[in-house]
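Going line by line, the protein sequences match chains V and R.
116 is the number of the first residue of the first sequence in my numbering; add one for each residue after it.
116 is the number of the first residue of the second sequence in my numbering; add one for each residue after it.
Hint data in this document are derived by calculation from the structure and do not stem from the laboratory.
Don't take each hint at face value.
When chains are identical, the list treats them as one kind, so a pair holds in a single copy or across two.
List of simulated lysine-lysine pairs, DSS-like, C-alpha gap at most 25 Å [as the list claims (entries may be wrong)]:
| no. | residue 1 | residue 2 |
| --- | --- | --- |
| 1 | 155 | 387 |
| 2 | 398 | 421 |
| 3 | 461 | 133 |
| 4 | 387 | 317 |
| 5 | 421 | 460 |
Number of protein chains: 2
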Amino acid sequence: MTPDLPRTLQEPTTQVGKADYLRIATEEAWCPPEMFDIYKRILDEGSIDDPGFMTMFGFYLNSGSTRARQIRDYITDLGAQRIAHMDERGIDKQVLFLTSPGVQVMPTAEAVAFAADANDQLAAGCARYPNRLAGLIAVAPQDPAAAAKEIDRGINKLGLHGVVINSHTFGEYLDDQKFWPILEAAEACDTPIYLHPQVPHKAMIEPFLDRGLDGAIYGFGVETGLHMLRIMVSGALDRFPRLQFVVGHLGEALPFWMYRLDYMHRAGVVSKRYAGMPPTERKLSDYLRQNIYVTTSGMAWGPAIKFCQEVLGEDRVMYAMDYPYQHGAEEVVATDNLDISQAAKKKLFQTNAERVFKLT
Amino acid sequence: MTPDLPRTLQEPTTQVGKADYLRIATEEAWCPPEMFDIYKRILDEGSIDDPGFMTMFGFYLNSGSTRARQIRDYITDLGAQRIAHMDERGIDKQVLFLTSPGVQVMPTAEAVAFAADANDQLAAGCARYPNRLAGLIAVAPQDPAAAAKEIDRGINKLGLHGVVINSHTFGEYLDDQKFWPILEAAEACDTPIYLHPQVPHKAMIEPFLDRGLDGAIYGFGVETGLHMLRIMVSGALDRFPRLQFVVGHLGEALPFWMYRLDYMHRAGVVSKRYAGMPPTERKLSDYLRQNIYVTTSGMAWGPAIKFCQEVLGEDRVMYAMDYPYQHGAEEVVATDNLDISQAAKKKLFQTNAERVFKLT
Numbered sequence: 116m117t118p119d120l121p122r123t124l125q126e127p128t129t130q131v132g133k134a135d136y137l138r139i140a141t142e143e144a145w146c147p148p149e150m151f152d153i154y155k156r157i158l159d160e161g162s163i164d165d166p167g168f169m170t171m172f173g174f175y176l177n178s179g180s181t182r183a184r185q186i187r188d189y190i191t192d193l194g195a196q197r198i199a200h201m202d203e204r205g206i207d208k209q210v211l212f213l214t215s216p217g218v219q220v221m222p223t224a225e226a227v228a229f230a231a232d233a234n235d236q237l238a239a240g241c242a243r244y245p246n247r248l249a250g251l252i253a254v255a256p257q258d259p260a261a262a263a264k265e266i267d268r269g270i271n272k273l274g275l276h277g278v279v280i281n282s283h284t285f286g287e288y289l290d291d292q293k294f295w296p297i298l299e300a301a302e303a304c305d306t307p308i309y310l311h312p313q314v315p316h317k318a319m320i321e322p323f324l325d326r327g328l329d330g331a332i333y334g335f336g337v338e339t340g341l342h343m344l345r346i347m348v349s350g351a352l353d354r355f356p357r358l359q360f361v362v363g364h365l366g367e368a369l370p371f372w373m374y375r376l377d378y379m380h381r382a383g384v385v386s387k388r389y390a391g392m393p394p395t396e397r398k399l400s401d402y403l404r405q406n407i408y409v410t411t412s413g414m415a416w417g418p419a420i421k422f423c424q425e426v427l428g429e430d431r432v433m434y435a436m437d438y439p440y441q442h443g444a445e446e447v448v449a450t451d452n453l454d455i456s457q458a459a460k461k462k463l464f465q466t467n468a469e470r471v472f473k474l475t
Numbered sequence: 116m117t118p119d120l121p122r123t124l125q126e127p128t129t130q131v132g133k134a135d136y137l138r139i140a141t142e143e144a145w146c147p148p149e150m151f152d153i154y155k156r157i158l159d160e161g162s163i164d165d166p167g168f169m170t171m172f173g174f175y176l177n178s179g180s181t182r183a184r185q186i187r188d189y190i191t192d193l194g195a196q197r198i199a200h201m202d203e204r205g206i207d208k209q210v211l212f213l214t215s216p217g218v219q220v221m222p223t224a225e226a227v228a229f230a231a232d233a234n235d236q237l238a239a240g241c242a243r244y245p246n247r248l249a250g251l252i253a254v255a256p257q258d259p260a261a262a263a264k265e266i267d268r269g270i271n272k273l274g275l276h277g278v279v280i281n282s283h284t285f286g287e288y289l290d291d292q293k294f295w296p297i298l299e300a301a302e303a304c305d306t307p308i309y310l311h312p313q314v315p316h317k318a319m320i321e322p323f324l325d326r327g328l329d330g331a332i333y334g335f336g337v338e339t340g341l342h343m344l345r346i347m348v349s350g351a352l353d354r355f356p357r358l359q360f361v362v363g364h365l366g367e368a369l370p371f372w373m374y375r376l377d378y379m380h381r382a383g384v385v386s387k388r389y390a391g392m393p394p395t396e397r398k399l400s401d402y403l404r405q406n407i408y409v410t411t412s413g414m415a416w417g418p419a420i421k422f423c424q425e426v427l428g429e430d431r432v433m434y435a436m437d438y439p440y441q442h443g444a445e446e447v448v449a450t451d452n453l454d455i456s457q458a459a460k461k462k463l464f465q466t467n468a469e470r471v472f473k474l475t
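Just need the whole structure built from these sequences, with the hints factored in.
Quick look at the structure:
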């Protein structure tokens with residue numbers, strides 16, 4: 116018992132029982148130690164103008180708090196310790212990827228090279244535990260053509276299972292058509308893009324920062340929800356109608372907003388007020404229900420999980436833990452104990468993830 | 116039938132039936148024509164650096180679109196036309212207030228004077244229809260002492276029923292202790308503060324703006340949710356524990372985030388990462404359940420309304436229409452037809468509002 120830890124950051128005291136489904140956790144994080152070295156260099160140089168990155172990694176790389184030390188330890192392991200933690204928490208398989216913001220804060224050439232190297236490492240790590248680990252592909256949106264090639268290599272050469280993009284790249288979003296080769300490659304490879312949070316860009320972070328609201332408590336959700344909305348509103352999903360996104364934290368609250376999104380999108384399009392809000396082929400709720408999967412990362416809470424199952428459909432909601440940022444065994448038990456049908460539970464924990472990430 | 120209107124902006128074609136409860140709509144808007152004149156002057160002068168205000172009122176004041184013309188017409192009426200629209204839509208009573216951003220974009224002296232004048236006008240308008248209209252008090256946070264006095268005058272002299280504040284005032288939020296005389300006055304008068312949206316401040320609006328996401332579709336919710344969170348995290352509700360806020364649009368999605376808010380707030384406080392995130396006496400979910408009421412404005416959608424009733428309690432959710440920004444009769448019918456108990460429906464439409472705003 117470490118007294119300065121919230122209950123859910125402690126080691127498991129709760130016993131996770133057997134289940135008649137596999138527990139596949141779909142938003143799990145990994146970081147090679149050398150990426151922390153690069154982040155340290157970026158912090159020391161002050162070479163990027165990104166107050167969110169500065170405060171977050173200023174904290175995680177340097178803090179002596181139990182939370183920061185534990186995350187630094189757990190996240191860099193791709194072997195026995197990770198598997199032991201999975202065993203203790205009843206997790207059969209992790210879908211894992213390079214932690215946020217990944218290479219998206221690096222200079223372009225370094226980002227492209229580091230993504231490829233990280234993907235090689237991750238594929239090798241997964242090959243050591245083929246039944247326990249499945250990786251997603253890190254890419255450098257800074258070079259869209261290289262990113263598209265890396266997606267193809269990751270799927271067809273490395274045997275990885277999807278793409279991860281950590282929201283904005285130096286304040287730019289995927290609705291910008293210069294990034295569409297990335298969307299095109301993912302659609303062509305029939306593989307999903309996990310749109311993972313990162314800290315809000317400097318153009319919006321200021322009112323979050325002094326009250327500590329820039330990170331996982333709120334800013335991550337706003338940044339990522341805004342990014343997904345920008346993509347939907349832009350018409351990108353009309354151009355790439357088969358493309359699937361995965362959005363954590365139960366869709367960053369977009370399912371809750373679904374009715375108002377449709378209403379105000381329609382009003383905005385009709386009014387012709389914004390050049391950047393053209394008519395789209397489908398309603399925003401259609402994109403949410405047809406092009407987006409959500410995961411339960413950080414949201415091990417029955418009412419919100421069941422709400423998403425109700426409004427998106429049981430096939431669109433997948434379990435995630437958010438290891439090692441959040442890894443309480445009692446959250447696994449709470450999800451096990453949801454008052455939903457066994458069939459719905461198996462979809463939530465196992466079969467949706469198997470289908471979306473082609474795990475079997 | 117005007118072809119360029121979304122269905123829900125048309126005149127009622129749906130028949131709203133009788134109900135065995137009063138329908139009280141609690142987030143309804145009004146604007147004296149002379150406030151539009153002041154906004155025109157501010158736009159013409161370019162005297163404030165507020166891109167959100169510029170785009171929004173650049174549109175609403177000048178657009179020839181049916182939506183803009185209709186809103187300009189409906190919102191300025193405080194008499195027979197408003198009552199006729201209420202009758203057509205089955206609304207028994209409006210709780211209404213000066214539309215956003217109210218006086219919060221005016222120079223201080225003008226803001227203080229205009230708020231008082233608007234409150235006089237609104238009180239007189241309500242006196243003409245005592246069973247149909249109940250007003251809230253506009254204040255100028257620019258002068259907190261004057262705002263506190265106006266709250267006292269509004270409650271004790273004018274017979275108004277609460278206070279409205281339209282989120283930020285020139286980028287400043289109510290968690291700043293210089294504004295706490297306003298919170299103190301509201302608590303002392305035992306009257307709620309409606310924390311109403313306005314356009315995000317320039318320090319965060321940029322990534323919303325070019326895709327038309329700055330307004331009611333998303334930016335309003337983020338701005339106002341962030342503001343309410345800042346107040347909760349600051350400890351203001353420990354200093355003013357009896358103070359009640361009302362937050363529209365089903366709490367700007369904060370109820371959906373409740374689990375994650377608690378988890379990450381605890382982690383943030385324990386880590387001591389932010390000077391602006393001190394320990395608080397209660398969990399964020401406690402503030403949500405004990406100091407905040409939510410209304411259904413713009414969210415006439417069963418799944419989200421029932422979710423909020425489930426996680427906040429039936430006593431914490433109130434009906435609102437958002438007239439004239441949203442005024443579809445079919446939304447009233449949809450709310451009438453919610454599959455909840457008659458007792459819960461009466462709380463939603465009538466008795467919660469009567470209690471919170473002291474309407475009887």
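Hint check results:
no., hint, in the structure
1, 155 x 387, "between (46 Å within a copy, 21 Å between copies)"
2, 398 x 421, "both (23 Å within a copy, 23 Å between copies)"
3, 461 x 133, "within (13 Å within a copy, 45 Å between copies)"
4, 387 x 317, "between (29 Å within a copy, 23 Å between copies)"
5, 421 x 460, "both (11 Å within a copy, 22 Å between copies)"
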